[in-house]
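Here's the letter readout for the chains.
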Amino acid sequence: MEAIIIGIAKSAIRLATPYLYASIGETIGQLSGVLNLGVDGVMLMGAFSAFYTVLRTGNLWLGLLAAIVVGAIFGLLIAFINVTLKAEQGISGIGVYIFGLGLSSLLFSTMVGTVQTVSGFPPLSIPLLSNIPVVGEIFFQQNILVYGAFALVPISWFMLTKTPLGLSIRAVGQHPEAADSLGVNILRIRYFTVVLGGILSGIAGASLSIALLNVFQQNLTNGMGFIAVALVYFGAWRPKTVLIGALLFSTVNAIQIWIQVKGINIPSDFTLMLPYIVTIVVLAAMAKRRIHPPAALNKPFERGE
Amino acid sequence: MKCKKNITIIIMISILILSLGFGANAKTFRVAVIMPSAISDLAFSQSMYDSLLTIQKEMGKENFEFVYSENMFVVADAAAAIRDYASEGYDLVIAHGSQYGSSLVDIAPDFPNTSFTWGTSVNTFSDQGITNIFAYEARSEEGGYVCGVLAAKLSESNVYGVIGPIETGDAKLYVDGFKAGVLATKPDAQVNVNWTGSFSDVALASEAAQTHINVGADVLTGTAQMVVGAIGVARQRGVLWFGTQADQTSIAPEVVVANQVYDWTVVLRPMIQLIREGTMGGTTYALTLANEGLKIVVNQEALVGKTIQDIIEGKIDIEL
Numbered sequence: 001m002e003a004i005i006i007g008i009a010k011s012a013i014r015l016a017t018p019y020l021y022a023s024i025g026e027t028i029g030q031l032s033g034v035l036n037l038g039v040d041g042v043m044l045m046g047a048f049s050a051f052y053t054v055l056r057t058g059n060l061w062l063g064l065l066a067a068i069v070v071g072a073i074f075g076l077l078i079a080f081i082n083v084t085l086k087a088e089q090g091i092s093g094i095g096v097y098i099f100g101l102g103l104s105s106l107l108f109s110t111m112v113g114t115v116q117t118v119s120g121f122p123p124l125s126i127p128l129l130s131n132i133p134v135v136g137e138i139f140f141q142q143n144i145l146v147y148g149a150f151a152l153v154p155i156s157w158f159m160l161t162k163t164p165l166g167l168s169i170r171a172v173g174q175h176p177e178a179a180d181s182l183g184v185n186i187l188r189i190r191y192f193t194v195v196l197g198g199i200l201s202g203i204a205g206a207s208l209s210i211a212l213l214n215v216f217q218q219n220l221t222n223g224m225g226f227i228a229v230a231l232v233y234f235g236a237w238r239p240k241t242v243l244i245g246a247l248l249f250s251t252v253n254a255i256q257i258w259i260q261v262k263g264i265n266i267p268s269d270f271t272l273m274l275p276y277i278v279t280i281v282v283l284a285a286m287a288k289r290r291i292h293p294p295a296a297l298n299k300p301f302e303r304g305e
Numbered sequence: 001m002k003c004k005k006n007i008t009i010i011i012m013i014s015i016l017i018l019s020l021g022f023g024a025n026a027k028t029f030r031v032a033v034i035m036p037s038a039i040s041d042l043a044f045s046q047s048m049y050d051s052l053l054t055i056q057k058e059m060g061k062e063n064f065e066f067v068y069s070e071n072m073f074v075v076a077d078a079a080a081a082i083r084d085y086a087s088e089g090y091d092l093v094i095a096h097g098s099q100y101g102s103s104l105v106d107i108a109p110d111f112p113n114t115s116f117t118w119g120t121s122v123n124t125f126s127d128q129g130i131t132n133i134f135a136y137e138a139r140s141e142e143g144g145y146v147c148g149v150l151a152a153k154l155s156e157s158n159v160y161g162v163i164g165p166i167e168t169g170d171a172k173l174y175v176d177g178f179k180a181g182v183l184a185t186k187p188d189a190q191v192n193v194n195w196t197g198s199f200s201d202v203a204l205a206s207e208a209a210q211t212h213i214n215v216g217a218d219v220l221t222g223t224a225q226m227v228v229g230a231i232g233v234a235r236q237r238g239v240l241w242f243g244t245q246a247d248q249t250s251i252a253p254e255v256v257v258a259n260q261v262y263d264w265t266v267v268l269r270p271m272i273q274l275i276r277e278g279t280m281g282g283t284t285y286a287l288t289l290a291n292e293g294l295k296i297v298v299n300q301e302a303l304v305g306k307t308i309q310d311i312i313e314g315k316i317d318i319e320l
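Just so you know, the sequences run in chain order A and B. Here the numbering used here is used: the first residue of the first sequence is 1, the next is one more, and so on. Here the numbering used here is used: the first residue of the second sequence is 1, the next is one more, and so on.
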């Protein structure tokens, strides 16, 4: 029984990792009023650039850096389209997604050609903590990008709720006019959050290609970026509840895999629906709490002179 | 005004002459193929791409041309591409996926001079009066059985993990065949099967591999292009892998023991022959071990390497 729980929990933590990076990045962007549906495209570009760099240089940190740089470039592009050009955010996000999907596939087929594996970040046991029975094995024998994803939750919470920067971000997303009149630079804040979101999406991709899966293939993310956006709504724009949502979704997925592997006689079509059913049920149950999105979400800022 | 008319006529005549000129080269057999994933997927799509390259080598580039559209997983996009290729006058349009059949029923009757083929399926739709569709399937349970027997000989834990996409077509045949092969060799074996519900979910396939190993599997196999993640896990955790559809040895030479490789040339050769003789469809073909459309490619490195390692570690008792 203990081995089963450890196995499922470890799976869940691995599965939750890319969602955490992408969802927290998206949360910060949305809190400042910018909806980015292009997360999956940026994840793919991050995944490819990290993979390609590691394949050529063998240096994992350089791979991670490549994903960060590419994520930042895509973040700048998204910010330019949505904040400066004031494009319709839902539509432009889909555009960015298709661009990232297409470009990463093209680069892969011309620069790599065939599926190859790399040696990704190895599991890193945290001294002392990893010796705790059960808990140590579940939480403290993972790879560095897994630790990073979970560390991001308190860091982003602190940044958003306890710092002047976080206050500015939320003010820009709730009452941009008021923030503007108090001298907050709306454009600068939104560029910052969207570029940060791009970087985190890039790392989310890298966590797949050089830490968890250690391969790249066309459309490696398989729509994870869209689930990540859904998790932001699920988590009501709070890092802590985003974490709960990501863990719920991935735990049910891990249980679903385990049920099938153990040959428990439930049709696979049904078990595969489980993570989605549970997510929808929880969302419906939470609807009563009436959590509203940031008031200025999806609204370009126009200064009323 | 008159001058313009003359120019138009001259252009039309020159187009006519040019097309006649190309008509003289009409012996070139032109094929278009629509594939659900990438030509480099080391699985279903690559097996067809490699087979078309082989045919092109045999017939010569001047006699055999082919073009392809890859990553056409969305059936509506694929249907549009099939129709485009047909209207461009290709001799044969290959819809390489069992999801494309209903599109062919719509499109094929509009292009009686083009042959269509699709798979894996056994349905040529001749019962609906359509005469220009061929079908092809892979009896992948045959190679699956062989891999199962080999796996049973190599496993020590006698627990086997299988990762499949959707419980249908050649994937289901392969999985059932593998299971049968293992159980025929070791009746008390435990074969755990996991379906991911997707052909492309690399993360889920990889996590399924982790779970299989956690419950004791020391030999894994799987089918569809998403298994690359699972092969990565097998390599990382040092368990054996059996591949199917294409030769997957290059991903992890140290653990890939054997692959069932699809060779579609045994389907394409007779099909091209029939089309050239004027038969546009109606026949179903199958890859089998007997016609060598299925081949078992054994990777000596993993197989021999493991046996040597087992002797060194004392796991094998050589009875003299």
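Source of the hints: derived by calculation from the structure; they are not laboratory data. Keep in mind that the hints are not guaranteed to be accurate.
[Claimed, not checked] Quick look at which bits of chain A chain B covers, simulated, 3 or more residues with Cβ under 8 Å:
no., segment
1, 62 to 68
2, 115 to 126
3, 174 to 187
4, 262 to 272
[Stated by the list, open to error] Once the Cα atoms are required to be at most 27 Å apart in a straight line, the calculated DSS-like pairs of lysine-lysine come out as:
no., chain 1, residue 1, chain 2, residue 2
5, A, Lys-262, B, Lys-27
6, B, Lys-153, A, Lys-262
7, B, Lys-172, A, Lys-262
8, B, Lys-295, B, Lys-315
Predicted model, so just to flag it, every value in this text is computed and none were measured. The C-beta atom is built at its ideal place from N, Cα and C for all residues, glycine as well.
For this session: Between the segment 174 to 187 of chain A and chain B, see if three or more residues pass the 8 Å beta-carbon test, and mark the coverage as holds or violated.
Result: As far as the segment 174 to 187 of chain A goes, the hint is violated, because 0 residues have Cβ atoms under 8 Å from chain B.
Problem set entry | Holds or violated: A:Lys-262 to B:Lys-27, with C-alpha atoms at most 27 Å apart | Violated - the C-alpha atoms of B:Lys-27 and A:Lys-262 are around 57 Å apart, more than 27 Å.
Problem set entry | Coverage of the segment 115 to 126 of chain A by chain B (three or more Cβ within 8 Å) | holds (count 3)
Problem set entry | Hint consistency between B:Lys-153 and A:Lys-262 [alpha-carbon to alpha-carbon, up to 27 Å] | Holds, at roughly 22 Å.
Exercise. Quick check: the segment 62 to 68 of chain A, covered by chain B? Criterion 3+ residues, Cβ under 8 Å.
Worked result: Check failed, 0 qualifying residues.
Exercise. Checking C-beta pairs, does the segment 262 to 272 of chain A have three or more residues closer than 8 Å to chain B?
Worked result: Contact hint for the segment 262 to 272 of chain A vs chain B: holds, 5 residues under 8 Å.
For this session: Compare the distance between the alpha carbons of B:Lys-172 and A:Lys-262 with 27 Å, and conclude whether the hinted pair is satisfied.
Result: This hinted pair holds, its Cα atoms lying about 18 Å apart.
Problem set entry | Agreement of B:Lys-295 and B:Lys-315 with the hint, judged by alpha carbon distance not exceeding 27 Å | violated (30 Å)
The structure does not agree with the numbered hints 1, 3, 5 and 8 stated previously, though it agrees with the rest.
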